[in-house]
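S.K.: Sequence:
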Amino acid sequence: MAETNIQKAADFARTSEIYFVEHFQKDIHVLMEVLGLTRKIEKQPGQTVKTYKVTGELADGAVGEGEDIPLSKYKTEVADIFELTVKKWRKQTTLEAINDKGYEQAVTDTDDAMRRDIQSGIRKDFFDFLGTGTATATGKDLQATLADCWGELQVLFEDYSVADSDFLYMVNPKDISGYLGEKDITVQTAFGMTYVKGFLGLYDVLVYSGVPKGTVYATAKQNIILYYTNPTNADIAKAFDFTTDETGLVGVHHDSTYRNLTTETVAICGCALFAELIDHLIVATIGGAQAAKAAKA
105 MAETNIQKAA
115 DFARTSEIYF
125 VEHFQKDIHV
135 LMEVLGLTRK
145 IEKQPGQTVK
155 TYKVTGELAD
165 GAVGEGEDIP
175 LSKYKTEVAD
185 IFELTVKKWR
195 KQTTLEAIND
205 KGYEQAVTDT
215 DDAMRRDIQS
225 GIRKDFFDFL
235 GTGTATATGK
245 DLQATLADCW
255 GELQVLFEDY
265 SVADSDFLYM
275 VNPKDISGYL
285 GEKDITVQTA
295 FGMTYVKGFL
305 GLYDVLVYSG
315 VPKGTVYATA
325 KQNIILYYTN
335 PTNADIAKAF
345 DFTTDETGLV
355 GVHHDSTYRN
365 LTTETVAICG
375 CALFAELIDH
385 LIVATIGGAQ
395 AAKAAKA
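In terms of this note's numbering, the sequence shown opens at residue 105 and continues consecutively.
To be clear, the hints were calculated from the coordinates, so they are not data collected in a lab.
For glycine and all other residues, C-beta sits at the position ideal for the given N, C-alpha and C.
A hint or two may mislead.
[Stated by the list, open to error] Result set (DSSO-like, lysine-lysine): computed pairs, CA atoms no more than 27 Å apart in a straight line:
#1 LYS342 with LYS147
#2 LYS147 with LYS191
#3 LYS228 with LYS325
#4 LYS144 with LYS228
#5 LYS195 with LYS244
#6 LYS325 with LYS342
#7 LYS147 with LYS130
#8 LYS278 with LYS228
#9 LYS144 with LYS278
#10 LYS195 with LYS205
#11 LYS195 with LYS130
#12 LYS317 with LYS301
#13 LYS325 with LYS144
#14 LYS325 with LYS191
#15 LYS192 with LYS317
#16 LYS325 with LYS278
#17 LYS325 with LYS205
#18 LYS342 with LYS278
#19 LYS325 with LYS244
#20 LYS244 with LYS130
#21 LYS130 with LYS301
#22 LYS301 with LYS191
#23 LYS205 with LYS144
[Claimed, not checked] Okay, the calculated beta carbon distance ranges per label pair:
#24 ASP232 with LYS342: 32 to 38 Å
#25 SER281 with ASP216: 24 to 30 Å
#26 GLU146 with ALA267: 27 to 33 Å
All chains, full assembly: derive it from the sequences and hints.
M.R.: Written out as structure tokens, the structure is:
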């Protein structure tokens, strides 16, 4: 009879799954804190993601005595519709690799690399989406461009009760590096990006190479939504056994295959960060005003 409390392969697999999702959860929580994310929507079967733009204008308020007050007409139009894609990954580790390098290096370390690559994909998709914003701003350098973004955000969100601290600016590392060397600032790492709070005394800036050099993205934090599929929702759980955490953003399963003596790591993630109001998302150009003047000269 086998001894009790012996650590079996299934125990190691379960531990690895928990380790994977806990580290993913820790990273996503930091990102949510940095982005000020309070809007998290779990996808239901049949749902699609919609982004919007608001059109219309305020009617003249100078109305004579006894005259009908004209209607101010506004409407919210759908700017884009897209499906949330659940992405799937699989990694296989052989008995020989585990025997040669040990379980920690052969399985857990490569799981970590896989997790980082998944996070990288989420970042890339988010910043690719940011480039579709329709609001614009410009300035002769980074500081002037941030100032113009701030002014534009004040106009865009003047009816939304947001403070300066609710605005978020995103820049390329090469555009901000010269300023960082001259300032005494505190930076924080979040989801593979650098976060600078109170840059130049006013701006909360997310620094990431996925922002094209010479470009600044800006919007209000409340405009950003995290949309996701939970790997353990009732329908998926009927067919698959994934380990996840309370965020429900990533699911992981480890399994051993004895016919070829390998262990597999299977991960799924269906989540997207997007701005709900696409016309309240600024794509600004550094040096744009200077270039325009030069073209006119």
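S.K.: Are there hints from earlier that the structure breaks, and if so, what are their numbers?
M.R.: 5, 6, 9, 15, 17, 18, 20, 22 and 23
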